[in-house]
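From first to last, the protein sequence lines stand for chains A and B. Each residue of the first sequence is one higher than the one before, starting from 1 at the first, in our numbering. Each residue of the second sequence is one higher than the one before, starting from 1 at the first, in our numbering.
Calculated from the structure, these hints are not laboratory results. Using N, Cα and C, we set each Cβ at its ideal position, and we do this for glycine too. Among the hints, a few may not be true.
As the list claims (entries may be wrong) - Straight-line C-alpha distance at most 20 Å; calculated DMTMM-like pairs for lysine to aspartate or glutamate: (1) B:Lys158 <-> B:Glu62; (2) B:Lys114 <-> B:Glu46; (3) A:Lys73 <-> A:Asp130; (4) B:Lys63 <-> A:Glu115; (5) B:Lys114 <-> B:Glu62; (6) A:Lys73 <-> A:Glu115; (7) A:Lys73 <-> B:Asp115; (8) B:Lys63 <-> B:Glu150; (9) B:Lys158 <-> B:Glu72; (10) A:Lys145 <-> B:Glu46; (11) A:Lys154 <-> B:Asp166; (12) A:Lys154 <-> A:Glu115.
Unchecked claim - Quick partial rundown of chain A residues pointing at chain B, CB under 7 Å, derived from the structure: (13) Glu18; (14) Ile55; (15) Leu57; (16) Asp132.
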Amino acid sequence: MYKYIKNKKGQGGFGMAEAVIAVSILSSFIIVVAGVNILYLNLSLGNKQPLSSSIMLEEAIEAVRFMRDGSWKDNILPLSVGTPYYLNYSSGWNLSTTPVQNGIFTRTVTFGEVERDVNGAIVASLGTVDPDTRLVTVNVSWQGKSGATSRNMKTYITNLFSN
Amino acid sequence: MFILNKKNKKNSGITLIETIIYSVILLLVLFAITTTLGSLTSSHREALVNRLVQSSGSVAMEKMMREIRSAEAVNLGSSSLGVSPGALSLTGINEQTPYSVSFNLGGGILQVTKDGGSPGNLTSSATTITELIFERLTNSNSEGVRVTLEIQATVGNKTKTLELTDFAVLRGSY
Chain A
1 MYKYIKNKKG QGGFGMAEAV IAVSILSSFI IVVAGVNILY LNLSLGNKQP LSSSIMLEEA
61 IEAVRFMRDG SWKDNILPLS VGTPYYLNYS SGWNLSTTPV QNGIFTRTVT FGEVERDVNG
121 AIVASLGTVD PDTRLVTVNV SWQGKSGATS RNMKTYITNL FSN
Chain B
1 MFILNKKNKK NSGITLIETI IYSVILLLVL FAITTTLGSL TSSHREALVN RLVQSSGSVA
61 MEKMMREIRS AEAVNLGSSS LGVSPGALSL TGINEQTPYS VSFNLGGGIL QVTKDGGSPG
121 NLTSSATTIT ELIFERLTNS NSEGVRVTLE IQATVGNKTK TLELTDFAVL RGSY
């Protein structure tokens, strides 16, 4: 009889408390895995801005090229070196110092002087300033999930049509 | 008597209070799991809908910009400019052979047609182009085309709209 009782007691299986603890541990594991997955997805969703920002950079370079084609003397030469300009589209392209907000993006176009050596090669310093060449720097910045982010693109433009 | 009482107490099982506490804990755990899985499903849908609009938008814009840059001129007679849905027809020369390429909407999908052939889809059928505008700009030396593209996708209860604008100068117009 004693033996029987002892065996029965030994085969009693899990208690309610044990079951709750087991379920809680398993659930915590599932929640942590799912949470990491959600975090990853949210971070990857924050990656959508580079497409828009890349297109905006490219658009600005092309717009400056188009303005250069129109008239170097009227559209490019009067712009101050080192001053950030905002690109605006209203039936045509124009650059002004009045800030323009493109959705969450702020885009600036800055012109820099270009120096050349005696052979005509572009040099960083100690050269002669070439009035028919500008270094164009386009910067696109926005407030991302992980703070302020910016991208930029640089290119040289020249007075191709001597106009 | 004392022994009997002790034995009864040992076999008494769980009390009502314990049952309630365990039930509450289990319900909380169940709620946490349901909420987490709900968020996971929602995030997955958002990721999918974002991927759809971005991949289609990226491919469409890249293809149009590349063709615009390579082209010599805009065929004004075959283009619908400044309206949505617009159409753009370009002409150019590739290795001394003239060609034409056009972009237009067909059932909400951006299509490209080369040399009057069969149109090919540039955007996924899971997305819809809700706006397509082509604007032509000219100056004394070149011409350019500005493209405004609005693309939309829906997965479950998630809808994503992406608006892209880009501009390119026709290099062949130089």
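*Hey, Lys114 (chain B) versus Glu62 (chain B), does the alpha-carbon distance stay inside 20 Å?*
holds (16 Å)
*Verify the proposed pairing of Lys154 (chain A) with Asp166 (chain B), using a straight-line Cα cut of 20 Å.*
holds (17 Å)
*Going straight from one Cα to the other, do Lys158 (chain B) and Glu72 (chain B) come out at no more than 20 Å?*
violated (41 Å)
*Any CB of chain B closer than 7 Å to the CB of Ile55 (chain A)?*
holds (5 Å)
*Taken at face value, is the distance from the CA of Glu115 (chain A) to the CA of Lys154 (chain A) at most 20 Å?*
holds (16 Å)
*asked:* Run the distance test for Lys145 (chain A) versus Glu46 (chain B): straight-line Cα separation, threshold 20 Å.
replied: Distance ~16 Å between Lys145 (chain A) and Glu46 (chain B) Cα, so the pair holds.
*Is the Cα-Cα distance between Lys63 (chain B) and Glu150 (chain B) 20 Å or less?*
holds (15 Å)
*Restraint status (C-alpha distance of Lys158 (chain B) to Glu62 (chain B) at most 20 Å)*: violated (26 Å)
*Agreement of Lys73 (chain A) and Glu115 (chain A) with the hint, judged by alpha carbon distance not exceeding 20 Å*: holds (19 Å)
*For the pair we were handed, Lys114 (chain B) and Glu46 (chain B), check the Cα-Cα distance against 20 Å.*
violated (35 Å)
*Given Leu57 (chain A) as an interface hint, is the shortest Cβ-Cβ distance to chain B below 7 Å?*
With Cβ-Cβ at 10 Å, over 7 Å, it is violated.
*Restraint satisfaction for Glu18 (chain A) [CB to CB of chain B, less than 7 Å]*: violated (11 Å)
Consistency note: the structure conflicts with the earlier hints numbered 1, 2, 4, 7, 9, 13, 15 and 16.
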